[in-house]
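Given the coordinates of chain A, assemble chains B, C, D and E onto it according to the supplied hints.
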Amino acid sequence: MVNPVFLIAITLGFAFIFPLFEKINPKLSRLAGILVFLTLVVIPLIWFINISNMDIPYIYSSTVGLPSNLTINLAVSYMEALVLLVVNGVGLFVYLQEAYSKESPWKGKQIILLSIVMLGANGLIITRDIFNIFVFMEISTISLFGLLSCSSDDRVFEGGFKYMLASGLSSVFYLIGIGFFYLVAGTLNLDALPDGINFTGGVLGVLWPLFLLSGVLIELKPAFANGWGMDTYEAADYSLGAIMSGIQATALIIVLTKIIPLIESNIIMPLLLVVGSITFIISHLQALGQSSFKKMLGYSSSAQIGLVLIVLGSGTNILLAIVLLLTHSVAKSGLFYTGKYFNECGSGRDKPLLVVLSSLFVIALLGLPPFPGFGAKWTLLQILGGKSDVFTIFIILLGSLLEGVYLFRWLGLKIKSDRDSGLVVSEVVPDDDAIPGYSSSDTIGVASQTGLAGLGGCIKVHFSSDSFSYHQLFPALMAVIMVVSGVVFNKGVGLTFRFLIPFSGILFFVVLDLFRVPTKFQVFLAIVASIILGFYVYPELNGFNTLFGFIFLFGIGVQFIAFFNRKGYSPGLMALTVGLLVSLISILTSKTNFQLFFSWEMMTLTSYFLVLRGDNAFAGGYRYILFSLASAFFILAGFSMLHGIFIGEYMSLPQNLLPVILIIIGIIIKFAGIGVHIWLPVSYAEAENDVSSIFSTVLSKVGVYMLFLGGLYFSKRVFKGVDTMYLLGWIGVLTSVAGSMMALFQEDIKYTLAYSSMGQVGYMILGFSIMSHLGWISSLYLVTTHMMFIGMLFLSVSGVIYRTGTRLMYQTGGLIKRMPLSFISALFAIIALSGVPPLSGFGAKWLMYSALLEKGWYLQAAMAMFASGVAFLYLFRLIHSIFLGQEKAIYLNVKEAPAPLLIPQYIFMICVMAISMFPNLLIKPLQTVIEPYFASTVRWEGYEVISALGYWNGNAVMYVTMGVFIIPLIWLLIVNRHVYKVKQFNIVYAAERPFKPETTHYAYNFFGHYQKALGFLVEPLISKFWNGTGILVNNLSGGLRRWNSGNPQGYVFQILLYVIFLSFLMGGTN
Amino acid sequence: MEKDMERRLYADTGAPEGSPVVNPDPRTLGDSSNIQLFNEQLKLLNSGLTEEDRLNFCDTPPEVIKPFRGHWENFLNWARSESLWILGFGTGCGAIELRPLMTSRFDMYQYGIQPRPTPRQSSIFVIGGYASVKTMKRIVRSYEQMQGPKFVLGLGSCTINGGMYYDSYNTVNRLDHYIPVDVYIAGCMPRPEALLAGLMELKTIIKEGRGEGANKYAENFEWYKANQKRIIKDWNMPDYNW
Amino acid sequence: MIKRFFTIILMVFFASLFFPLVGLISDRDSVSSLAKDYLVQGRDDFGAANIVTAVVVSYRGLDTLGEVTVLFAAAAGISLVFKGLRNEGKDKKYRVNPPSEILRTGARVLLPLIFIFGVYIFINGHLTPGGGFQGGVVIASGILLAFFAGNIKELNHGFVTFIESAAGFSYVAVGLLGIWLAGGFLDPRFLPMGEFGSLFSAGAIPVIYSLIGLKVGSEMSGIIDAIRSY
Amino acid sequence: MLSAILTKTFYTFISLMVILNYALLLIGSMARIRAKVQGRVGQPVWQPYIDIIKNYGKRTAVTHGVMFYLGPVFRLAGGLGTYLFMPVVYGFVMFENFSFSGDLLLVMYFIFFGQLGMALGAGESGHPYSPLGVSRGLAQMTAFELPFALAVISIVAQYGTLSITEIVAAQQGGWQNWVAFTNPFAMIAGMLAFLGMSMQNPFSVVIAPQEIPIGPPTEMHSAFLGMLQTNRAIFNGAKMVLFMNLFWGGATHKYLLVAILIMVVKTFLIYLYVNIVGASFPRFKTEQSIRFFLGVPTIIGIIAVILQSI
Amino acid sequence: MMTNLLFILAGALVLVGLWGILTRRNIFKIIIGFSLVDTGVHVFLVAIGYVKNGTAPIFDKEYSSLHSLLNTVDPIPSALVLTAIVIGLAVTALMLSFAVRLILKNRTLLVDGKKELKW
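So the protein sequences, as listed, match chains A, B, C, D and E.
Using our numbering, read the first sequence as starting at 2 and increasing by one per residue.
Using our numbering, read the second sequence as starting at 4 and increasing by one per residue.
Using our numbering, read the third sequence as starting at 493 and increasing by one per residue.
Using our numbering, read the fourth sequence as starting at 53 and increasing by one per residue.
Using our numbering, read the fifth sequence as starting at 414 and increasing by one per residue.
Among these hints, one or two may not hold up.
[Claimed, not checked] Some chain D residues near chain A, calculated using beta-carbon distances under 7 angstroms:
no., residue
1, 98
2, 101
3, 114
4, 165
5, 275
6, 343
Worth flagging that the hints you see were computed from the coordinates, not collected in a lab.
In this text, all values refer to a predicted model and were calculated from it rather than measured experimentally.
Glycine included, each C-beta is placed from N, C-alpha and C at the ideal position.
Chain A extracted, bound-state conformation (with noise of 0.2 angstroms):
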């Protein structure tokens, strides 16, 4: 076994001979450097794999050859040997980085200073003794700075000066710390302290935990005393940015870690747990008002640190705390340098590696999956949770989301393109100005290629020489090594193998993309995919998991043949959407909690990544995000709290309130419930088209297979004297009113198509609600049908944009000459849409209405027939704009949808017209489905279904329906002996003739005098809410963000006070 004390010898011996060898050869001596540097890291390595084999629990080292108790000891164990392989990976990472880097490399005193930086914090991880301790954290401090003062950054003299000073008093009271202890307790070796003593008891037992923790803590950054460090990380170069939140935080944590099992846990875990809560949330808002990135990463550094304090505090796990932090080392150092090229480069649209490594540090950092952090964080609040610690839970998912905040907006930001103004702009109708010319002939050309744009506005990228530099490998490979090291993790946290494998999908498609394989191709492998997938997850489906199997697969099956429209190369695309597919379906098979949050989450961040590559999709891509990570936190918080029983499994849920409210909270933001929605229309309307389809029809049916497969669990919860499943009745009924009315305005087609789909949402939420057999196959009906055809309506639509290129409905019209297969599937699509008989939509409002009146609740069930009126309105609007009336000039060499758009459009077709003629196709599977929660109330005869209420004979409808239909074709035809057939400007116009097809197209403002009358009713109160809120967290932010000064002696004051703050916590001034 490699004795500890290697470490040191090995890197100081290399710090201190480096000028003598550089003088001699400079190149040989840099090889070196990655030699002693990768022995860092082997070492641990070593240390790591012998521990957890040989079941050692120590590797122990006393310094001089004399007993342990006269000597400084080193000693490493599982945790220290982990934490050493992480800190030293990343050192080994800065090291390549920087010794290697293009413009300046790190040569002579700076590589001695790394090295020292190095030996620092190894020797504050493996020493045991408190004031060796000391020595290291002078060492490592005294060599940043020194390397601070080869920062690019002029200004990071003053900053560094303010951390001098800072540093300087913090190793001041860690001195004194120092003494009080050794009068205490006699020794300052932490393996040989006498038994017996209290070493908290009496004022001199309060006073030394205060100075040494005061010293330590203070070196942490803790919020409201981390100016200093804050303003160091504005003006440091990246390097050393990643040098300190990556090393040195980490390091200095695992000195706390020594000390805390010193101290009194009654004084010391309150005292952790306040301060890690205060910096874990002051501080990410304080980073939410950055500018400059560097120091937003700097205070997210700091509060990542605040959330290792409150684990350390919680009394939880120390393996988590650990887990996290060291996912924060890599992540935040990765983070730091892909941040550095990111930032060099401009908008990073075509950089799609680091755009590729940029999410996965951020999402690393946020501890989402597939990073270690998930696992961690999951499992420490299933330990909270089990504690009924909602406090705890609610700052740690609080500070998650304000974190998720500021670093999705920069990812966002990083990731638009050019054209996105980061604004929502779509909500507002542009100038009449902007309509094309009525006669130029070159506006033909724009629109087809706005239109290609459109579509076609991926991440238009190649590895192109200049774009790519070697060094961005070492980020990769830290990436791929989390990637690896999380899958690991959250695997020993409760993820299979066979749940695991359809995610390697997602890898496949990536190789792919490397060998920038034709996305044509890729959607042929995805489609094959998929049916594979189908096959793999076939066994484990039963009940709802089957339909939901079903809707999930075919759903995205059919759309993906939408993609064979895609022109040229698409990276990431199939990865992506594949991905999404994958994690729809891993959510059916999840069989515990953890796996079904896993899913989740992976859910939420491809479908995330696929709304941010539209062209204009930075502020939907930014709503998307926050709210599903809210409404992930809501859950994972109701999650925390169901004593690790799988949802699925509702009678032997706990029976307390709260986890259900949180659960059904968050399902309502994912399906964005009334108040709650504004994400929904931006995201789905930016997205690129077949995107937004395959959002619109799958994506946003996964709220309510999470209400399904909690089902019951849900009901019969009474809150404040309410039923929750009647409260959640109303806000679905409420969402499809208000969704059904802000689609009644909009000129953008594709937000009336989001807004509509998120009305047609909170009509199968309704149905969840009503908690009864005729309510449940009502819902899952219109879950089944509504994905048949919104998918329709969406791909025709999609269509139209391809061709004409613009989204605003007004300026189009009369396409129906030019695109009459997508006008037929529009036309069914709405038909169906709209609940007008005989197609199958109206099925869907038959079960609704019959069991909302069945069960009694007969103002919902007016409401949503109101609902469905206004939806009739806007559907009509969205097929009258485009493809009727009068046809633009501009678009009369329109040519139909091409046909990958349009073949799955008819395969939905065949599937709703199937279902319409027959409804128990559809409807006695859903019965078998449902039977075990709920005896049937409906029976069959033939084809005739018959409720409590009422009944309904689909096939006998659809032949009358016929039969009314064709008797008066044929008598017109007969009739209509002359017809001639005419232009569009043949009509009457009070005498005179139309000039322009625009002002002669009736379709801007259509419902205007709807707007005049109820108007008040989409006044944007909600977006105004939460603007509102958004100002409020950023004056917030911006208020915190004062509190430090940039005034040294301001920082100097800081700490004192937050010295006496510690004293007030730990009761020591008496």
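Relative to the frame of chain A, chains B, C, D and E by itself:
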């Protein structure tokens, strides 16, 4: 014989030499030699339109549609005569005389007559008095947009010979040079009773199967177009307004 | 004014943290048990007359190694700080007054004494108060004097670096020798203990102290040079 | 099987003939009554027949496209379907139509079928006034649909069934059993909604002849218009039958002719009521009528529902 | 007694140093203040090691180690102070060099003269 009548009618108009743009020399009436209406496929050229506009207008010429024979046609003619829907387009001052017809005093509804706001649905076009060139353009358009069988009722002297505007620079003197007229009602202005009488006359004409103005128009399409185009200089509509 | 007020309050708080102790603690009657162990065993273990040296160099040798490193790092840092400045303002020339007669003459007398004194201090570190650091600083002060007196115009960087690197590396090497030849890292007992109280005693402690002295001396000289040459 | 189908076809034909002729005569006679009120002679009672014949007898027609052509077909199919999906006269197989294929909800939603088709046809005509009228019509429709839905829901809550036949059956045994008297709030809400449904004044802004020459059917003519007129008769009849069934006890007697006569009387009165209101009030603007329907009638409807649910 | 006096001295030094850091705006004076604090802590550490009537823990041939137990001061704090002093020296030196750079850049001796990094 025809020529003679023309001469007689136009001999005493007393129009100043060379000036009347709108009231051409009867000898040149229907001279379509300087306009071209059809292309090789016998579709309308629509030469008054720009290239782009031609795409937006139908270019089919009107055609003569033979009536049914026998009782069926009589039955239909009866229905047509008993359901006269007037196009609500007051082309001139005589339109004011239409209003009293709707009142309880005259009550045209009892004869199956009612106003209709759109030419598509109307079967009778009451030209309410003098027709200026500007109005004429609209009259032609509206008339062509009505679906056959369709009937025209010229109200007042102005439609017959220009009346008191006979020498105006822009008033059409004789309506049936431009569109076929079924019934003229003389007077300046004729009273509603006269109007009613004219309508009754029209009913008789229709019932007798003589209300074939639409077919006449189609038959003599080039003649009418020549006349219309001679006075309407800014012809920016299709040659036949479907 | 208000700022000052708050500062006073803060000070009062701090004072109230410190000063209760004054009343609570009285002079100790005996050293701590660990110190007792040192005092009892120090002579037998290492044969060093100066127990503090034994503690510094051996018992807590790792601290001392760290301490050297700190100084090393600081020297490197300072040279980096001023290096940046040198690149910025190369053209700036400050007129330096030539050293006075007294300084030159005095230096000529003093310099050998100072260097010998420095060497004495670190070689005898295990016997008398003093040691590597002190000696090294004395040497560095000699260098400073030499600069002032104009005896040295320019420090021989190669030489200083060599001394610094070699001494530092040797220190680590000696520490490692301790592992292989004696009990553990920085165990000085791989050299004979010698006679208690004599110069060549206490194993490798004098060697270590000498190395430290050389290293500190060269590091401090480096710092002086860095500041001076700016 | 075949004979069953033939019988059904025959019955359907009879039923349709009855409603068509009755509704046409009703329209004609109502116009005549209005004329009398205004001191005119008024058009003949059979004038609607003549108009329809004339329109079918037009020699030419123009079409703007497939949807324009199919629009009136959709519309008529909607009217026919609405009529055929409900029982007309309670207790007679001949007049129960196809009410076995669906209940009240089917009827309510089938109304949309014709609306949609017409709207599409009007839209394809390319005339700006057509969609303008459609947008007004649809907007009004969503508004009056709410009180109507509330009224229907109230009735469903009252009788616990969605089947029109059963609702009628539940009202038998004397006028005091009619919904109009057992559930007056529902009746009021429903009858107010019916005003909007019939598009008479004050809710006639859809066709506003002088402003947007008759709105949706601006471009409709000849046989298309004839079809719309046919539908207007049947659809009106269907709606009145629906309201009669829902609120006024339906029509039933042991003799078929008497039953039909009862239907005639009841629907005539319903239509008369609409016309009286129409003749007495000026026209609302669209937003006004929307506000109107979402105001008092909706509140009354809610009261009706609440009264039934407690 | 001695310990208490030393404690008071140490406390006073620390407080004076802190006062200097907090109230002086001259950057060098702040560093001097910092040095004072440092020194105060060193005094404190030394005071901890004090034993009544103790002597330096240096033996000679006559002094037996057993005897030394009774009247030597604690060697450990002394050793610590040695280390701490050197480290303090290093920190102060580095701080001064940073201060020089800061002054040259800002052209002012005042520490809050020009704040470029804040918030």
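Structure-inconsistent hints, enumerated in ascending order: Hints 1 and 2 not satisfied by this model.
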